[in-house]
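Based on the hints, put chain B in the right spot on chain A.
Chains as they are written, first to last, in my numbering: chain A, 17 to 270; chain B, 17 to 270.
Any given hint could be a false lead.
Because identical chains cannot be distinguished in the list, a pair is counted as satisfied if it fits within a single copy or across any two copies.
Stated by the list, open to error - Heads up, simulated DSBU-like pairs for lysine-lysine below, C-alpha to C-alpha not over 30 Å straight-line:
1) K47 <-> K165
2) K104 <-> K226
3) K24 <-> K100
4) K100 <-> K84
5) K192 <-> K239
6) K47 <-> K239
7) K33 <-> K100
8) K226 <-> K47
9) K226 <-> K239
10) K165 <-> K22
11) K192 <-> K100
12) K84 <-> K24
13) K84 <-> K226
14) K30 <-> K100
15) K269 <-> K239
16) K192 <-> K238
17) K238 <-> K165
18) K192 <-> K84
19) K165 <-> K226
20) K226 <-> K238
21) K226 <-> K192
22) K33 <-> K226
23) K47 <-> K24
Everything labelled a hint here was simulated from the structure, so no lab data went into it.
There are 2 protein chains.
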Amino acid sequence: MISNTKLKYLASFKQAKYRAESNVFVVEGEKIVRETLLSDLEVEALCATADWLGANNQLWHGRVNPDKVYEVSDEELSRISLQKAPNKVWLLAVQPQALSADPATNGFVLALDRIQDPGNMGTILRIADWCGIRHIVCTADTVDYLNPKVIQASMGSFLRVGVHYGDLEEYLAQSKTHGKTVYGAVLGGDNVFETPLNDNAVLVIGNESKGISSQLCELVDKKIAIPNWGGTCESLNASVATGIFCAEFRRRKQ
Amino acid sequence: MISNTKLKYLASFKQAKYRAESNVFVVEGEKIVRETLLSDLEVEALCATADWLGANNQLWHGRVNPDKVYEVSDEELSRISLQKAPNKVWLLAVQPQALSADPATNGFVLALDRIQDPGNMGTILRIADWCGIRHIVCTADTVDYLNPKVIQASMGSFLRVGVHYGDLEEYLAQSKTHGKTVYGAVLGGDNVFETPLNDNAVLVIGNESKGISSQLCELVDKKIAIPNWGGTCESLNASVATGIFCAEFRRRKQ
Chain A
17 MISNTKLKYL
27 ASFKQAKYRA
37 ESNVFVVEGE
47 KIVRETLLSD
57 LEVEALCATA
67 DWLGANNQLW
77 HGRVNPDKVY
87 EVSDEELSRI
97 SLQKAPNKVW
107 LLAVQPQALS
117 ADPATNGFVL
127 ALDRIQDPGN
137 MGTILRIADW
147 CGIRHIVCTA
157 DTVDYLNPKV
167 IQASMGSFLR
177 VGVHYGDLEE
187 YLAQSKTHGK
197 TVYGAVLGGD
207 NVFETPLNDN
217 AVLVIGNESK
227 GISSQLCELV
237 DKKIAIPNWG
247 GTCESLNASV
257 ATGIFCAEFR
267 RRKQ
Chain B
17 MISNTKLKYL
27 ASFKQAKYRA
37 ESNVFVVEGE
47 KIVRETLLSD
57 LEVEALCATA
67 DWLGANNQLW
77 HGRVNPDKVY
87 EVSDEELSRI
97 SLQKAPNKVW
107 LLAVQPQALS
117 ADPATNGFVL
127 ALDRIQDPGN
137 MGTILRIADW
147 CGIRHIVCTA
157 DTVDYLNPKV
167 IQASMGSFLR
177 VGVHYGDLEE
187 YLAQSKTHGK
197 TVYGAVLGGD
207 NVFETPLNDN
217 AVLVIGNESK
227 GISSQLCELV
237 DKKIAIPNWG
247 GTCESLNASV
257 ATGIFCAEFR
267 RRKQ
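Only chain A is shown next, with the shape it has when bound in the complex (with noise of 0.2 Å):
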């Protein structure tokens, strides 16, 4: 049971600006729902409807403080729900502490500059966790990994990778200073398939439209591209990109 008052209050977190206010992100859906109860996030609320909360028992019990445990109808999840189609289950997490970037960590990392679009940054955070890349270092002005749309499209895996915000310039800069090799994904860069790729790395993947900034630009070893095939098409997505790229320097490194 949930009181008209508390659900009115958890519908108030629909909007970005309350999650800021208040420190919190909202997790939906069974699968993810079930990941974020097996880390170790703050749970701020759970709502539930009956039959989820039964079955899932020893997922919640004793994970989650009672007094934050609400049964809800499908109607009144409805209401609280960012989703087209709630799904049974939805969670208030406290964000996690923002991380900071070590230039200095071996191995390979990725840096956003200005992604926009949630789907994009969902599907990259799902490409990071495939790959086994522990790190994404991104523009301040990158979208937020705990907007509702990415969490949704990374399916879990904002669980497993680290998301840093800062100023990707100094981390670069500092990157380099350690022996990393920076690469860039810039439209006209050499084939990525015959380029020698060194597995201690940044790569920098630029804005959907605007691509790599040129401050930036500077600070890239090494440009590189996905061959142009057909010849007729202007670009790949963002995340197609990524992936493929992503998915290069792995095959390479096995």
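Structure of chain B alone, referenced to chain A:
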């Protein structure tokens, strides 16, 4: 100038059932409308702001019947648009005739088994266009490639790739008799990077959550997969996986 009656009539095409009844589809935004006007598709209506019509006179004048060109204000445009941020121009085009797929065609063909997400479908059209893949064969219940969300995500690539709907089982069976190899993207399949690839082939991509149906799986000659390097993520997004597979086929063909 546009009458209120006409505006209401055009606004009705926001609904899929009216588009289907009248055999039309909607294209929006400067880039995609430009490409559509340069194609040979039949235009049923063109609505645009005064400045767009002035600046693009060469593009539409003589190409579109003057009775079908309407100058609209931004406010009028937003009434007929399906976009959150309408971009100067809106076009209604007549659906091209359905194509039938010829299993005897040489070369690489992409086959989609019940892809549902319009964003994925549009992104896959863009991948095919980029990779020079001329044909995509789809099960009848794959999302319509003339769905407005597909059109927008495809960024004009819907004009350059032949999309065929029909009995995929029959198409695969016949392709095999014409000497094509049928590959299937299947979790747990052989590592695509270590598998010999024949370019005279059909690559089957399955539904986002259910994968390839068991009937179609029986027609697959070779199951292939992208290695799960990270080991923590269940799957890649369907369009990202398609991009990685297609790039690998193209890379090997070079």
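Notebook entry, point to check: What hints, given by number in increasing order, does this structure fail?
Noted result: 11, 13, 17, 18
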